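These protein sequences, in sequence, are chains S and Y.
Throughout the first sequence, residue numbering follows numbering that gives the first Met the number 0, covering 0 to 554 in sequence.
Throughout the second sequence, residue numbering follows numbering that gives the first Met the number 0, covering 0 to 106 in sequence.
FYI, nobody ran anything at the bench for these hints, they're computed from the structure.
These figures come from a predicted structure and were not determined experimentally.
Ideal Cβ placement from N, Cα and C applies to all residues, glycine included.
Just so you know, not all the hints are guaranteed correct.
Where chain S lies over chain Y, by a calculated footprint (3+ residues, C-beta under 8 Å) [said to hold, decoys possible]: (1) 2 to 9; (2) 16 to 26; (3) 53 to 67; (4) 74 to 86.
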Amino acid sequence: MYQYNEFDKAFLAERNRQFRAQVERRIAGNLTEDEFKPLRLMNGLYLQLHAYMLRVAIPYGTLSSDQMDTLALLAEKWDKGYGHFTTRQNIQYNWPKLKDVPDMLDALEKVGMHAIQTSGNTIRNVTADHFSGAAADEVEDPRPVAELIRQWSTDHPEFQFMGRKFKIAVSAGAQDRAVLKAHDLAIRIVKNEAGETGYQVLVGGGLGRTPMIGKVLNDFLPREDLLPYIEATVSVWNQTGRRDNKYKARIKITVHETGIDEFRAKVEERYKSVRPTFKGVDQALFAEIKQHFAPPAFRDAPTAAFDAAYDADPLFRSWVDTNLTEHHAPGYAIVTVSIKKHGDTPGDASAEQMRTLAQIARDYGHDELRISHEQNVILPHVHKSDLPAIYAALREVQLHTANIGLISDIIACPGMDYCALATARSIPVAQQIATRFAELKLEHDIGHLQIKISGCINACGHHHVGHIGILGLDRAGVENYQITLGGDATWDATIGQRAGPGFAYDEIVPAIERLVNGYLELRDSEEETFLQTYRRLGLAPFKTYLYPEVQANAA
Amino acid sequence: MPRAFTPKVITANALLEGDVIYFTTTDTWTRDMACAELLTDEAHAQLRLIEAQQQVDYVVGAYLADAVAGDNGPEPTHFREEFRRTGPSNYFHGKQAETQPQDGQTV
Chain S
0 MYQYNEFDKA FLAERNRQFR AQVERRIAGN LTEDEFKPLR LMNGLYLQLH
50 AYMLRVAIPY GTLSSDQMDT LALLAEKWDK GYGHFTTRQN IQYNWPKLKD
100 VPDMLDALEK VGMHAIQTSG NTIRNVTADH FSGAAADEVE DPRPVAELIR
150 QWSTDHPEFQ FMGRKFKIAV SAGAQDRAVL KAHDLAIRIV KNEAGETGYQ
200 VLVGGGLGRT PMIGKVLNDF LPREDLLPYI EATVSVWNQT GRRDNKYKAR
250 IKITVHETGI DEFRAKVEER YKSVRPTFKG VDQALFAEIK QHFAPPAFRD
300 APTAAFDAAY DADPLFRSWV DTNLTEHHAP GYAIVTVSIK KHGDTPGDAS
350 AEQMRTLAQI ARDYGHDELR ISHEQNVILP HVHKSDLPAI YAALREVQLH
400 TANIGLISDI IACPGMDYCA LATARSIPVA QQIATRFAEL KLEHDIGHLQ
450 IKISGCINAC GHHHVGHIGI LGLDRAGVEN YQITLGGDAT WDATIGQRAG
500 PGFAYDEIVP AIERLVNGYL ELRDSEEETF LQTYRRLGLA PFKTYLYPEV
550 QANAA
Chain Y
0 MPRAFTPKVI TANALLEGDV IYFTTTDTWT RDMACAELLT DEAHAQLRLI
50 EAQQQVDYVV GAYLADAVAG DNGPEPTHFR EEFRRTGPSN YFHGKQAETQ
100 PQDGQTV
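Given these sequences and hints, build the entire structure.
Right, here's the structure in full:
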């Protein structure tokens, strides 16, 4: 993991000192809210429906045990005992008091964490594949690149007051686990035919009001050209992107209106002047950063204890079959810890759960944890012989739910229970769907099915790329939920298709149940997933399940 | 034709705590919507909003929210204001879990 050097530490200390003084001046009445708001947003502090909200960055989703312990401390000391992991690998605290926020930031500083650029029209927290450094299918660990971009973008003077926010993701896997094509800019680490490692650059993806799939800006960029190329890209958008209309300000609109070829030509032109300003310091820095991400010392040990537990305990077996992913090291596994216990709030972890996760990582996981954009926690490096002990420890704090990739592993934004932008609630819908399918005991039969719920058109809950997407809206003063089908968050990224009229709050869960029952009738085998069935048959047969009364009237 | 004015309360968030608060007839702020001033005249409402917004050292983001007269005082008409008055639905946190202060208590 990256360790802060003296420069980083001094920078953060100074930034926290500045913000503490800004908060004091606001409270003393020497700053107006109009003056203070951009300052607090730059430091991740929002004002939501019921209270302030502090969004803490978890760069590329990677945490040490000490850092996780500190997140628990914040939850316990300054919040209501829990935190909410977000779809951008951040954590949000829903109840801080303004005067406490400087103390929270100081506590974070002690473990090399902060909330800088988790809001505002800047380059936001860089996200990455949550299986980085562990996945069997990756070219290399993408996190050094993510860290390089993080350092370059933090306080970058050209990119502090842009037309809108800018989100970057990095991945190196054959599979895309970072939703690359839904980002303003995405870096995919690839090898070319000559066997050289470089970068494919995607641009102009995004969800929200106008969902768009990212396009290839550059198919293969040599290593040393990455930062100047990104800088040229952001710079072109920063200068040519629209500032007259907030809803047309993101780079996806710029690329769409300009056309990818012309946009690329502009980037190439800008690149000519940017490139000479990079004189190799970035490459020296990159070489140093890479050393921080050396793989842990994997041990060569028997897995007999694992095999015995797997054979003896059906609950453990179910959890293993559902929550584990192949690791590149022999005898190791990647564990996805579900933060989606049926009926609980997706992504919410208590301080006790965070501390347990930290201790498990310390005892068995090379001191490393990850947060996924799917709002779960990952133990990336676990030897299989330790899995029975890990499972037992997780059970103690109700973190042993075996539902990864299943219908109850739902992404849900905070929605109108917390968010000032929301038009409807998302959390209770997720809770009720998960509870209902747990009652039906159907979810393992249903298999891989991603439901993603957003409480407004901004799509923090990624509903456009859910196999089943749910969008909560305000229709004439009443919550109403639109369903989209066939979305896909992988390398085959697809925007889901709207199924038809929306459903009232008390109709949405029964509608999802009819839809899923329809899938079970329509699929040609137990192996065919919901998405495969949808792709084979299209929308029409699913509509007959969603809107039975329409079909009855037509008949 | 302009839409007829509907009754309103003035609501905001408290600067220090972030709590949802409501403007009272005595120019103070209450955490209990039932104790808020119900504004039934548009011109008066606009004037009161200006007065509320001047308390910049205590409140953030004051605005007019639709309300109706209930048995115990103003009540919300829209579900957003109902959530603001109550708290989130996934935990018993926020106003629903806190003791309601008395009429006119300042922030």
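Hint check:
no. : hint     : result
1   : 2 to 9   : violated (count 0)
2   : 16 to 26 : holds (count 4)
3   : 53 to 67 : holds (count 4)
4   : 74 to 86 : holds (count 7)
When held up to the earlier numbered hints, the structure conflicts with hint 1 and nothing else.
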